[in-house]
Amino acid sequence: EDQVTQSPEALRLQEGESSSLNCSYTVSGLRGLFWYRQDPGKGPEFLFTLYSAGEEKEKERLKATLTKKESFLHITAPKPEDSATYLCAVQGKGGANSKLTFGKGITLSVRP
Amino acid sequence: ETGVTQSPTHLIKTRGQQVTLRCSSQSGHNTVSWYQQALGQGPQFIFQYYREEENGRGNFPPRFSGLQFPNYSSELNVNALELDDSALYLCASSLQGVDGYTFGSGTRLTVV
Numbered sequence: 002e003d004q005v006t007q008s009p010e011a012l013r014l015q016e017g018e019s020s021s022l023n024c025s026y027t028v029s030g031l032r033g034l035f036w037y038r039q040d041p042g043k044g045p046e047f048l049f050t051l052y053s054a055g056e057e058k059e060k061e062r063l064k065a066t067l068t069k070k071e072s073f074l075h076i077t078a079p080k081p082e083d084s085a086t087y088l089c090a091v092q093g094k095g096g097a098n099s100k101l102t103f104g105k106g107i108t109l110s111v112r113p
Numbered sequence: 186e187t188g189v190t191q192s193p194t195h196l197i198k199t200r201g202q203q204v205t206l207r208c209s210s211q212s213g214h215n216t217v218s219w220y221q222q223a224l225g226q227g228p229q230f231i232f233q234y235y236r237e238e239e240n241g242r243g244n245f246p247p248r249f250s251g252l253q254f255p256n257y258s259s260e261l262n263v264n265a266l267e268l269d270d271s272a273l274y275l276c277a278s279s280l281q282g283v284d285g286y287t288f289g290s291g292t293r294l295t296v297v
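First to last, the protein sequences are chains A and B. Using my numbering, the first residue of the first sequence is number 2, and each one after it goes up by one. Using my numbering, the first residue of the second sequence is number 186, and each one after it goes up by one.
For reference, chain A alone in the conformation it holds in the complex (with noise of 0.2 Å):
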């Protein structure tokens, strides 16, 4: 069964503090991990797909790595409205639907 873990699950930054998001997963062949972004109250927000190890992708003020068995979302020089709930998920390549299974989350906080 796939299962994905993140941590902290919370960290508060002060403004223009860069720091990591963890994701540990493990998944019977990684079809692809994704990165959401959730404000209270609304659905996740799309960020980045990752489909191998060693792939990157960066969006403004975020950056997100791939190794065989973690992923990490680095935030650098945060800003207030960075303020959210990162979900880490992993679609595996078993079975006939390609449902996503995702971590609690991480809630970050940032300061000004």
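Hints are supplied without guarantee of correctness; some may be wrong.
Pairwise CB distance ranges (calculated) [as the list claims (entries may be wrong)]:
no., chain 1, residue 1, chain 2, residue 2, range
1, A, S19, B, L196, 35 to 43 Å
2, B, N240, A, E2, 15 to 23 Å
3, B, L252, A, R112, 40 to 48 Å
4, B, N256, A, A54, 37 to 45 Å
Part of the chain B face toward chain A, derived, beta carbon under 10 Å [what the hints assert, rightly or not]:
no., residue
5, Q233
6, L273
7, T287
Don't read these hints as lab results, they were simulated from the structure. Fair warning: this is a prediction, and the values are worked out from it, not measured in the lab. Think of the CB as a built atom: it goes at the ideal place given N, C-alpha and C, for glycine as much as any other residue.
With chain A held as given, fit chain B onto it using these hints.
Just chain B now, with coordinates in the frame of chain A:
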């Protein structure tokens, strides 16, 4: 290009009642998945529909059922509501279940 639209946004039901939630998929997407997100948790996969057929189901009882229509819109039906069914219900669409899923804003269901 329209995104994923869900209705209603909020709903309060009494234990034992039945509820129907609706989802319009993103233009061009033919696969719809439903997820349940309890407070403080990551989304949990309920089931997925492709070409009007259910092609995958998570660990949810049969009182959770669904439909997909020819225009790829979808419904989630829950019978005999229980207090633990209170959650944010998310609909996600994709093209044949590959690449990133686009999520709607969700329906907040409260069972009293």
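Taking the beta carbons of B:N256 and A:A54, is their distance inside 37 to 45 Å? Roughly 39 Å apart at Cβ, these two residues keep to the hinted range, so it holds.
Does the closest beta carbon of chain A sit nearer than 10 Å to the beta carbon of B:T287? holds (7 Å)
Is it true that B:L252 and A:R112 lie within 40 to 48 Å of each other by Cβ? Hint holds: Cβ distance 46 Å, inside 40 to 48 Å.
Is the interface hint satisfied for B:L273? The criterion is a beta-carbon contact with chain A at less than 10 Å. holds (8 Å)
Take the C-beta atom of B:N240 and the C-beta atom of A:E2, compute their distance, and say whether it sits inside 15 to 23 Å. holds (18 Å)
Does the nearest C-beta of chain A fall within a distance shorter than 10 Å of the C-beta of B:Q233? Nearest chain A Cβ about 5 Å off; hint holds.
When you take the CB atoms of A:S19 and B:L196, is the distance between them in 35 to 43 Å? Taking Cβ atoms as reference, A:S19 and B:L196 lie about 41 Å apart, which means the hint holds.
Comparing the model with each earlier hint shows no violations; every hint is respected.
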